[in-house]
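A.B. asks: If you want the building blocks of each chain, they are given just below.
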Amino acid sequence: MPADINRIKEILQSVTTDIQSKTPTRVFVSVPRNDLIRTVNILVSELGVQHLSTITALDAGTVFEVLYHFLVNGTEITIRTSCPKDDPSVESIINIFPGAVLYEREIHDILGIVPNGHPDLRRLVLPEDWVGGYPLRKDWKPPEGKE
Amino acid sequence: MGSFACVWNQMVRGTGVENIDPVLALIYLLIFPGVFFLFAFSLFTEYMDRKLYARIQRRVGPPFLQPFADLVKLASKEDIIPEKAEGFMFTAAPLFAVAAIFAAYLYLPIVTTTGLHSFNGDLVVVLYLLMIPTLAMFLGGWYSGNVFGQKGGMRVASLLFSYEIPFFLALLSPALVEGSWKMADIVSFQQAHPLALVVTVLGFGIAVVSLQGKLERLPFDIPEAETEIVAGPLVEYSGRRLALFRLARDAEMVVGAGLISVVFLGGPMPLLSLQPVYLSWALGGVIFLLKTLFVVLLLILIKSAVARIRTDQMISFAYKWLIPLTFVQIFIIIIIRYFGGI
Amino acid sequence: MARVKLPIGPQHPALKEPENFTITLDGERVVDVDIRIGYTHRGIEKLMESRTYTQNLYLVERICGICSYAHVVNFTQNVESVLGVQIPKRAEYIRTLVLELERLHSHFLWLGVAGHEIGFDTLFMYTWQDREVVQDLLELISGNRVNYAMNAIGGVRRDLSDDHRKKVLEGMDYLEKRTAYDKEVAINEKTILARAENVGILKPKIALKYSAVGPTVRASGVTMDIRKDDPYASYAEIPFDVITTDTCDVLGRIVVRVLEVFESIKIIRYLMEHLPAGDVVMKVPRKIPVGESISHTEAPRGEDIHYLRANGTERPDRYKVRTPTMANLPAIAEMLKGSYLADVPIVIAAIDPCMGCMDRVLLLKEGSETPGDIIPWDRLRAYGIKWYAERGWKI
Amino acid sequence: MKVPGKMLPKIWVYMFKKPVTVCYPKQRLTPPKNLRGKMKFYIERCISCGLCARDCPSTACQMYEIDGKKRPVFDLDYCTFCAQCAESCPKDAIEMTAEFELAHYKKGEAIVK
Numbered sequence: 001m002p003a004d005i006n007r008i009k010e011i012l013q014s015v016t017t018d019i020q021s022k023t024p025t026r027v028f029v030s031v032p033r034n035d036l037i038r039t040v041n042i043l044v045s046e047l048g049v050q051h052l053s054t055i056t057a058l059d060a061g062t063v064f065e066v067l068y069h070f071l072v073n074g075t076e077i078t079i080r081t082s083c084p085k086d087d088p089s090v091e092s093i094i095n096i097f098p099g100a101v102l103y104e105r106e107i108h109d110i111l112g113i114v115p116n117g118h119p120d121l122r123r124l125v126l127p128e129d130w131v132g133g134y135p136l137r138k139d140w141k142p143p144e145g146k147e
Numbered sequence: 001m002g003s004f005a006c007v008w009n010q011m012v013r014g015t016g017v018e019n020i021d022p023v024l025a026l027i028y029l030l031i032f033p034g035v036f037f038l039f040a041f042s043l044f045t046e047y048m049d050r051k052l053y054a055r056i057q058r059r060v061g062p063p064f065l066q067p068f069a070d071l072v073k074l075a076s077k078e079d080i081i082p083e084k085a086e087g088f089m090f091t092a093a094p095l096f097a098v099a100a101i102f103a104a105y106l107y108l109p110i111v112t113t114t115g116l117h118s119f120n121g122d123l124v125v126v127l128y129l130l131m132i133p134t135l136a137m138f139l140g141g142w143y144s145g146n147v148f149g150q151k152g153g154m155r156v157a158s159l160l161f162s163y164e165i166p167f168f169l170a171l172l173s174p175a176l177v178e179g180s181w182k183m184a185d186i187v188s189f190q191q192a193h194p195l196a197l198v199v200t201v202l203g204f205g206i207a208v209v210s211l212q213g214k215l216e217r218l219p220f221d222i223p224e225a226e227t228e229i230v231a232g233p234l235v236e237y238s239g240r241r242l243a244l245f246r247l248a249r250d251a252e253m254v255v256g257a258g259l260i261s262v263v264f265l266g267g268p269m270p271l272l273s274l275q276p277v278y279l280s281w282a283l284g285g286v287i288f289l290l291k292t293l294f295v296v297l298l299l300i301l302i303k304s305a306v307a308r309i310r311t312d313q314m315i316s317f318a319y320k321w322l323i324p325l326t327f328v329q330i331f332i333i334i335i336i337r338y339f340g341g342i
Numbered sequence: 001m002a003r004v005k006l007p008i009g010p011q012h013p014a015l016k017e018p019e020n021f022t023i024t025l026d027g028e029r030v031v032d033v034d035i036r037i038g039y040t041h042r043g044i045e046k047l048m049e050s051r052t053y054t055q056n057l058y059l060v061e062r063i064c065g066i067c068s069y070a071h072v073v074n075f076t077q078n079v080e081s082v083l084g085v086q087i088p089k090r091a092e093y094i095r096t097l098v099l100e101l102e103r104l105h106s107h108f109l110w111l112g113v114a115g116h117e118i119g120f121d122t123l124f125m126y127t128w129q130d131r132e133v134v135q136d137l138l139e140l141i142s143g144n145r146v147n148y149a150m151n152a153i154g155g156v157r158r159d160l161s162d163d164h165r166k167k168v169l170e171g172m173d174y175l176e177k178r179t180a181y182d183k184e185v186a187i188n189e190k191t192i193l194a195r196a197e198n199v200g201i202l203k204p205k206i207a208l209k210y211s212a213v214g215p216t217v218r219a220s221g222v223t224m225d226i227r228k229d230d231p232y233a234s235y236a237e238i239p240f241d242v243i244t245t246d247t248c249d250v251l252g253r254i255v256v257r258v259l260e261v262f263e264s265i266k267i268i269r270y271l272m273e274h275l276p277a278g279d280v281v282m283k284v285p286r287k288i289p290v291g292e293s294i295s296h297t298e299a300p301r302g303e304d305i306h307y308l309r310a311n312g313t314e315r316p317d318r319y320k321v322r323t324p325t326m327a328n329l330p331a332i333a334e335m336l337k338g339s340y341l342a343d344v345p346i347v348i349a350a351i352d353p354c355m356g357c358m359d360r361v362l363l364l365k366e367g368s369e370t371p372g373d374i375i376p377w378d379r380l381r382a383y384g385i386k387w388y389a390e391r392g393w394k395i
Numbered sequence: 001m002k003v004p005g006k007m008l009p010k011i012w013v014y015m016f017k018k019p020v021t022v023c024y025p026k027q028r029l030t031p032p033k034n035l036r037g038k039m040k041f042y043i044e045r046c047i048s049c050g051l052c053a054r055d056c057p058s059t060a061c062q063m064y065e066i067d068g069k070k071r072p073v074f075d076l077d078y079c080t081f082c083a084q085c086a087e088s089c090p091k092d093a094i095e096m097t098a099e100f101e102l103a104h105y106k107k108g109e110a111i112v113k
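Residue numbers (our numbering), protein chains in the order written: chain A, 1 to 147; chain B, 1 to 342; chain C, 1 to 395; chain D, 1 to 113.
Be aware that a few hints might be false.
[What the hints assert, rightly or not] In silico DMTMM-like links for lysine to aspartate or glutamate, alpha-carbon gap of 25 Å or less:
id: 1; chain 1: C; residue 1: 190; chain 2: B; residue 2: 185
id: 2; chain 1: A; residue 1: 22; chain 2: C; residue 2: 314
id: 3; chain 1: C; residue 1: 283; chain 2: D; residue 2: 92
id: 4; chain 1: C; residue 1: 209; chain 2: A; residue 2: 35
id: 5; chain 1: C; residue 1: 16; chain 2: C; residue 2: 28
id: 6; chain 1: D; residue 1: 40; chain 2: C; residue 2: 136
id: 7; chain 1: D; residue 1: 18; chain 2: C; residue 2: 136
id: 8; chain 1: C; residue 1: 228; chain 2: A; residue 2: 46
id: 9; chain 1: D; residue 1: 2; chain 2: C; residue 2: 176
id: 10; chain 1: C; residue 1: 337; chain 2: A; residue 2: 46
id: 11; chain 1: D; residue 1: 10; chain 2: C; residue 2: 173
id: 12; chain 1: D; residue 1: 38; chain 2: C; residue 2: 132
id: 13; chain 1: D; residue 1: 18; chain 2: C; residue 2: 170
id: 14; chain 1: D; residue 1: 40; chain 2: C; residue 2: 273
id: 15; chain 1: D; residue 1: 113; chain 2: D; residue 2: 67
id: 16; chain 1: C; residue 1: 190; chain 2: B; residue 2: 164
id: 17; chain 1: C; residue 1: 228; chain 2: A; residue 2: 4
id: 18; chain 1: A; residue 1: 22; chain 2: C; residue 2: 317
id: 19; chain 1: B; residue 1: 84; chain 2: C; residue 2: 241
id: 20; chain 1: D; residue 1: 33; chain 2: C; residue 2: 159
id: 21; chain 1: B; residue 1: 51; chain 2: C; residue 2: 176
id: 22; chain 1: A; residue 1: 9; chain 2: A; residue 2: 46
id: 23; chain 1: C; residue 1: 16; chain 2: B; residue 2: 226
id: 24; chain 1: B; residue 1: 320; chain 2: C; residue 2: 197
id: 25; chain 1: D; residue 1: 33; chain 2: C; residue 2: 279
What the hints contain is simulated information worked out from the structure, not anything from laboratory work.
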């Protein structure tokens, strides 16, 4: 049973009105990055969200977008937030969802977005002595002399 | 040469043949049923083990000479001794293992009722010699300087008693039946009273299961559990020394199975006194061989039907089931003897 | 022996793929686990940005060698959703068929691997023999055993003939019989029970806390199955049950997977009996309009979620893949703590890890060495020794 | 009943049965007809459109000048056998065959023109 879009609009009234839904099971919510933790908390307490599917980060030209995908009753609720390129950081949500620990390490690793408050920001997918920058940024160039 | 003849005379007394040529004694020691035969038979047992295991799993399995080819290949490979390894113990361990097994083998009554040399208590000597490869394994693993090797060595040492005690007790039960620690006496007794074999069936089962543990085969291959600690004590071994360890393992299987077939199944029994003497040897040898292979078959069936258990489970299995059952076996024998059944 | 650090991996017989679990042992007990991934990082997400959608079809497939089709279905569903097209019904049925066959082959493979991890090689060989039946069916339907190349954007590439249908149904009959026996063995063989019962406990609360997915959470009694929750392909029309157990241990994970095999057989029978007629593919434009889409499927290992951002060209702007193993990984550390060393392989195997899928993104060369250089053996060895020495490992 | 050695009866039966694996290359299994193996290229049907080379995900198929016309050349060293070229071809000039034994000694020997 998909979550009710009107219910989501109602509970998130105080945070944002930018809520889109093309199909019943996909909801996109855009929030400023300062309101991220508040939004997630509202979703958890009001809607009973328990499962974090993943975190996607991407280089959207002028800003970095970070998308948090939550799954509740078969509906994929995506919270979209963004951070400027000169200050690539978001609040870490691992206090609410400990399962985010690897996803946040991953976005830190490949895009250089710092999740503030994350206790363990070692490399995840790239080698520990990697110096080639952040490969998923659009301005990234592969090092010279690749195979 | 004189001493050989002396030994030989003592040995063949069972069949009533006197004054054998010392050359034959050498043949006995080196070719049949001595070192060379054990070597070939061990490799054959490994082949049988692998082939039947493969067939049970519906695979084709290795060709006949594969174990030999493996041995030759390993022997011709570079022999690496890790820097961290304790040189002497690490290199000597496989030699101890092989030497002990080959020595133990010579005491088994294979073609006649006695082995190369028979004396009171030879059963105990064979049991002790059979323990040396396990100790060599522990030392080799411990001194290899590798974490996995040490872990494996620890496991070898900690599991030692869980199978050695039931194995010792089970193998001593036929000795209790006969009242002698001499394998020649046990075999002769069994030849005289074939029904005595029935009494020790329980002991036979226990001995086979403990032998499985002794050989570190499934479900007791905990010391070298491949998916946990890679190869355990053998992790740093390579080339010749690994080949020797593997040969020791195969020979241990033959000697262990042979020992069980001697004390529980009557060894080369029924012994017929045929003329010339080598015919009766041959017959005894063939019977012994078949009995040994039967025990090996049991080992293979056990191996293919179970999963590996954990260290703690193995210890509790040994103390909860194997050892009490051996006491039951010994108790049965004492009662039967008390009432003069045998 | 005091505390020992045991490196399980990157190369270790318990792991079929290179990952590193550094296990701190106190005797035989595990006290701490540290996980390091990334050894098979291939840069697929980055690579996808430089390829057309058609080419990406085959790249996505190669994220994983086992659940490859779940990834392709996700990719095509994403692209179709951005395009706003509805694919023909028959195509949906065929996709569902291949998805379920893939689940069968993955679960059989897993059963075998689990058997191997606890040293039960005979079970391993028997289940893989059954798996071969599924593989032959997949080869018959798609033309290859592993990477099926079945999907096109807007449908599937190959149709199903009556002969194929008959063969699939025959195969299902055979598998049902064999799996009944496997189930009988798995829940009654004492040595398996000894190794699986009360091992790798994952309480439902912890499972939810770490957002675990798939059979791993279903074995902890959490009902979560994307096929039911958010039906894709033709799952909305098919009657089937979501299997859960509440034993929370490795045995539960075995039972869930074995019972799921029966469910898959049921689903495949239904599909074969109700296969609608019609086209299997429709024409779609090469250029995909601006838009974004999320698609998730219930891969054999759990929820597999993909995100696509399209920018109106022939190539995607960003493609994000999150494989089930990645979601289950944080839970492993919880399961391992306090268990025996001997349980480590089976506990790791119990989530059905597929490290290759997990590590997708990229790698050109070790960063500190000049990229493109061939590193000589002795330098590589010195580097390795240094690497381990820095982490306090004795080698 | 929960006992160790539950499989013993089956093991005993299988011990005397033929193995299910085959000794390749002495024995061979026949692959299904629609296997995606080595491709066959009908040059007379080719209209040099280059769609195959464009869609090839692994640069195995590239266009070269042959007898004054652009023709695809397939290098099987790179090929992933996805059959997208056969799919893309508007004139069905490319066909996948069931031939799968493609081992060769040197790089660049396995080429389909």
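A.B. asks: Hey, residue 16 of chain C versus residue 226 of chain B, does the alpha-carbon distance stay inside 25 Å?
C.D. replies: Given that 25 Å is the threshold and the Cα spacing comes to 13 Å, the pair holds.
A.B. asks: Sort out whether residue 317 of chain C lies within 25 Å of residue 22 of chain A, counting only the CA atoms.
C.D. replies: Holds. Residue 22 of chain A to residue 317 of chain C sits at ~20 Å (cutoff 25 Å).
A.B. asks: If you draw a straight line from the CA of residue 113 of chain D to the CA of residue 67 of chain D, is it 25 Å or shorter?
C.D. replies: Holds, because 12 Å separates the two Cα atoms, which is no more than 25 Å.
A.B. asks: Would you check the hint for residue 33 of chain D and residue 279 of chain C, treating anything up to 25 Å between C-alpha atoms as holding?
C.D. replies: holds, 22 Å
A.B. asks: CA of residue 190 of chain C to CA of residue 185 of chain B, is that 25 Å or under?
C.D. replies: violated, 40 Å
A.B. asks: Need the status of pair residue 33 of chain D, residue 159 of chain C: alpha-carbon distance at most 25 Å?
C.D. replies: Answer holds: residue 33 of chain D to residue 159 of chain C is near 14 Å, not above 25 Å.
A.B. asks: Just to be careful, I want the Cα atoms of residue 40 of chain D and residue 273 of chain C compared with a cutoff of 25 Å; is the pair within it?
C.D. replies: violated, 36 Å
A.B. asks: Regarding the pair residue 228 of chain C and residue 46 of chain A, is the alpha-carbon distance no greater than 25 Å?
C.D. replies: holds, 23 Å
A.B. asks: Tell me if the straight-line CA distance from residue 18 of chain D to residue 170 of chain C falls inside 25 Å.
C.D. replies: Holds: residue 18 of chain D and residue 170 of chain C sit about 22 Å apart, inside 25 Å.
A.B. asks: Need the status of pair residue 2 of chain D, residue 176 of chain C: alpha-carbon distance at most 25 Å?
C.D. replies: holds, 22 Å
A.B. asks: Take a quick look at whether residue 283 of chain C and residue 92 of chain D sit within 25 Å of each other, Cα to Cα.
C.D. replies: Distance of about 17 Å is within 25 Å: holds.
A.B. asks: With the threshold set at 25 Å, check whether the alpha-carbon distance from residue 16 of chain C to residue 28 of chain C stays at or below it.
C.D. replies: holds, 23 Å
The earlier numbered hints that this structure contradicts are 1, 10, 14, 19 and 21.
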